[in-house]
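Heads up: the protein sequence lines correspond to chains Z and X, in order.
Count the first sequence with my numbering and you get residues 532 to 828, in order.
Count the second sequence with my numbering and you get residues 532 to 828, in order.
Simulated from the structure, these hints should not be mistaken for laboratory data.
Check before you lean on any hint, since a few could be wrong.
Copies of the same chain look alike in the list, so a pair counts if it fits in one copy or across any two.
[Said to hold, decoys possible] Below are the DSS-like pairs computed for lysine-lysine, each with C-alpha atoms no more than 25 Å apart in a straight line:
id, residue 1, residue 2
1, K700, K632
2, K773, K700
3, K773, K542
4, K638, K700
5, K672, K558
6, K672, K701
7, K558, K579
8, K672, K773
9, K547, K558
10, K638, K558
11, K547, K632
12, K632, K701
13, K542, K579
14, K579, K773
15, K638, K542
16, K672, K638
17, K542, K700
Because the structure is a prediction, the values reported are computed rather than measured.
Number of protein chains: 2
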Amino acid sequence: MTMSELSEFSKNAAKKVDAVLDSLLPKEQDEPARLHSAMRWSTFAGGKRFRPTLAFLVAQLCAAPDERIERTAAAIEMVHTFSLIHDDLPAMDDDELRRGKPTCHIKFDEATAILAGDALLALAFKAIADDEGLECDIRIKLIAELAEATGTPRGMVAGQQLDILSENKKIDAVELEHIHLHKTGALIKFAARSAALAAGVSEPDLLAITEFATKLGLLFQITDDLLDATQSTDVLGKTAGKDEESQKSTYVSLYGIEQARMLAGETMDAAIASLSHFGDCAELLRQLARSTLARTA
Amino acid sequence: MTMSELSEFSKNAAKKVDAVLDSLLPKEQDEPARLHSAMRWSTFAGGKRFRPTLAFLVAQLCAAPDERIERTAAAIEMVHTFSLIHDDLPAMDDDELRRGKPTCHIKFDEATAILAGDALLALAFKAIADDEGLECDIRIKLIAELAEATGTPRGMVAGQQLDILSENKKIDAVELEHIHLHKTGALIKFAARSAALAAGVSEPDLLAITEFATKLGLLFQITDDLLDATQSTDVLGKTAGKDEESQKSTYVSLYGIEQARMLAGETMDAAIASLSHFGDCAELLRQLARSTLARTA
Numbered sequence: 532m533t534m535s536e537l538s539e540f541s542k543n544a545a546k547k548v549d550a551v552l553d554s555l556l557p558k559e560q561d562e563p564a565r566l567h568s569a570m571r572w573s574t575f576a577g578g579k580r581f582r583p584t585l586a587f588l589v590a591q592l593c594a595a596p597d598e599r600i601e602r603t604a605a606a607i608e609m610v611h612t613f614s615l616i617h618d619d620l621p622a623m624d625d626d627e628l629r630r631g632k633p634t635c636h637i638k639f640d641e642a643t644a645i646l647a648g649d650a651l652l653a654l655a656f657k658a659i660a661d662d663e664g665l666e667c668d669i670r671i672k673l674i675a676e677l678a679e680a681t682g683t684p685r686g687m688v689a690g691q692q693l694d695i696l697s698e699n700k701k702i703d704a705v706e707l708e709h710i711h712l713h714k715t716g717a718l719i720k721f722a723a724r725s726a727a728l729a730a731g732v733s734e735p736d737l738l739a740i741t742e743f744a745t746k747l748g749l750l751f752q753i754t755d756d757l758l759d760a761t762q763s764t765d766v767l768g769k770t771a772g773k774d775e776e777s778q779k780s781t782y783v784s785l786y787g788i789e790q791a792r793m794l795a796g797e798t799m800d801a802a803i804a805s806l807s808h809f810g811d812c813a814e815l816l817r818q819l820a821r822s823t824l825a826r827t828a
Numbered sequence: 532m533t534m535s536e537l538s539e540f541s542k543n544a545a546k547k548v549d550a551v552l553d554s555l556l557p558k559e560q561d562e563p564a565r566l567h568s569a570m571r572w573s574t575f576a577g578g579k580r581f582r583p584t585l586a587f588l589v590a591q592l593c594a595a596p597d598e599r600i601e602r603t604a605a606a607i608e609m610v611h612t613f614s615l616i617h618d619d620l621p622a623m624d625d626d627e628l629r630r631g632k633p634t635c636h637i638k639f640d641e642a643t644a645i646l647a648g649d650a651l652l653a654l655a656f657k658a659i660a661d662d663e664g665l666e667c668d669i670r671i672k673l674i675a676e677l678a679e680a681t682g683t684p685r686g687m688v689a690g691q692q693l694d695i696l697s698e699n700k701k702i703d704a705v706e707l708e709h710i711h712l713h714k715t716g717a718l719i720k721f722a723a724r725s726a727a728l729a730a731g732v733s734e735p736d737l738l739a740i741t742e743f744a745t746k747l748g749l750l751f752q753i754t755d756d757l758l759d760a761t762q763s764t765d766v767l768g769k770t771a772g773k774d775e776e777s778q779k780s781t782y783v784s785l786y787g788i789e790q791a792r793m794l795a796g797e798t799m800d801a802a803i804a805s806l807s808h809f810g811d812c813a814e815l816l817r818q819l820a821r822s823t824l825a826r827t828a
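Excised from the complex, chain Z in its bound form (with noise of 0.2 Å):
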C-alpha cells in the first residue's frame, strides 16, 4: 500500500462525487439561475472531497457497491459546502478567499451566499430521500444522522456557534475539543458512519469505524489549526493567519505548536488503533490519516 494508492483512491472518490453533484444540482440556465450559479460556484470551488472519499474508503471496507453510498456521499458534500457558505459570510468569520477563488458571498452577494447555502441544506436531505437503491430504513436513518450531524445541540452548526462564542475567550482544552467534535467533527464522523450504515455492518464494526472517524475529524481540525499558524494565503487559498487575528481559540493558540503536533501525532495513533480488528483490509483508511497528519509536515 502506499500512498499514491490512496491518492489515486481519492481521486476516483472524487470524481465520482462530482458526477452525483453535478446530476442533482439544479441547472444553471433554469430560474433563478444567480441562486444556481452561486450554489455551483461554492460546490465545484475545489474542494479535495475529503468526506466522500472517506465514505468510499469505509463502503470498500465493508464490501458495499459504491452505488449505496454515492448519493449520501454527495449530500454531505452539499452539506458541508452549505456549512462553509455561511461560516465564511460577513457576520460570521467574514472571509473573502476560499480554496484560492472569492468566496459565494463576494462572487455573488450576501442574500444570494444566504439563500445558495440554504438550498444546499434542504437538497442534502432530498438527495438521500430519493435515493431508491437504499431500503427505505436506512434512507430514514441516514436522514435523522445528518440532520442531527448538521443541526445542534449534537451537530455542526452547534459547533460553530460555540467557536463563534469563543472568539476573544480563553477556553480550556476539553472545550476545544467539544467545539471541534461538533464543528467539524459530526460530518465526518457520519460520513464513515453513513457507509457503514448502508454496507449494514455489525455493531462492533459500526462502533470501530465510528471511533476511527471520531479521532480522524480531531486530527482534522488539529492540522486545520496547524496549516492555518504556519502556511501562507498562497498554499492555503485561504486567507492565512485569521485564527490568531480573531484571537480564537485554537490547538495552537492553546498547546503552541510544537504540542499541537505532537497532539496531531498521538490522534493519528489513536485513529489507526481503532481499525485494529479489520487487519489489512483497513490499509487505505489508515493511510488516509497518516495523510491528513502529513498535510502539516
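Fit chain X to the given chain Z structure using the hints.
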C-alpha cells in the same frame, strides 16, 4: 358551521403544534444556550400557525388521526420560522420587527440568527425522519416533498431569490404569480398535501387538495400585500409599507388596491370551488379560505 368553529379549531391546532415544537426544540439550558434561545424566540414569537392549522384541517377531512400529522405540522412550522429568520436578515429584507417583537438578529445577533435558521431547517427533517407513527415510505415521501418545497427550483428559497431580484424592477402578473407560488405557495401546498399523504387518500382527492392549497397560498399572498399597503405597523406587528419603500412588485403595486381586492375574491372562489366533491365535510377548509380573505376587510 360558523367562523367561531374555525377559530376554535385553529386555537386547538396551535396548541397541539406548540406542544410538539416545545418537545422537539433543544432546551434553552443546554449548550449552546444562545442558539437554542434564538430558535425558541422566533418559533414562539406569536405566529398564527396557519400552515399547521391547514394540515390538521386536511387531516380531519381525510379522517387521519392527529398523531399522523402533528410532527410534520411542527416540521413545517420550523421550516416557516427558518425562512422568516433568514428573510428578515439585513442582507435580505432587513426587518427589525416581526409580530410586534424584535426579529431574531435584532434580539440576538446576525451570526446567531443565521445559525438558528440553519438549525431549525435541519431539525425539521429530523422531526419527520424520527416520526415512528408513520410508515417508512410515507416519511420518505414527506421528507422529499418538504425538501422540494423548501429549496430550489420549485420551493421557497427559489421564490425568495426571485423576489429579491425583482426589487426595483417592473415585473408582470405572470412573473409575480410565479414568485409567490414558490415563496409562499410551496410550503402552504405542502402543509395540505402532507396531511393527505399521511392519510393515504386517493389520487383525485390528493389533486383536489393540492389545487385548493395552491389557490389558498396565492390568496394568502395577495391579502398579505393588501395588509402591508393598508394597515399600520401597530396592527401588523411588522413594519408597514415596506413593500412600497423597497419598490417591491406586489399585487397592490401591479393592480392597485381595488383590483387586488377583486383578485383576492376570485382566488378565494377558485379555492373553494376545488373542494366541491368533498361536500359538507370540507366546510371548515372553505371557512379557512373565507377567513384568509377577511383579514383585509
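| What hint numbers does the structure not satisfy? | 1, 3, 6, 8, 12, 15, 16 and 17
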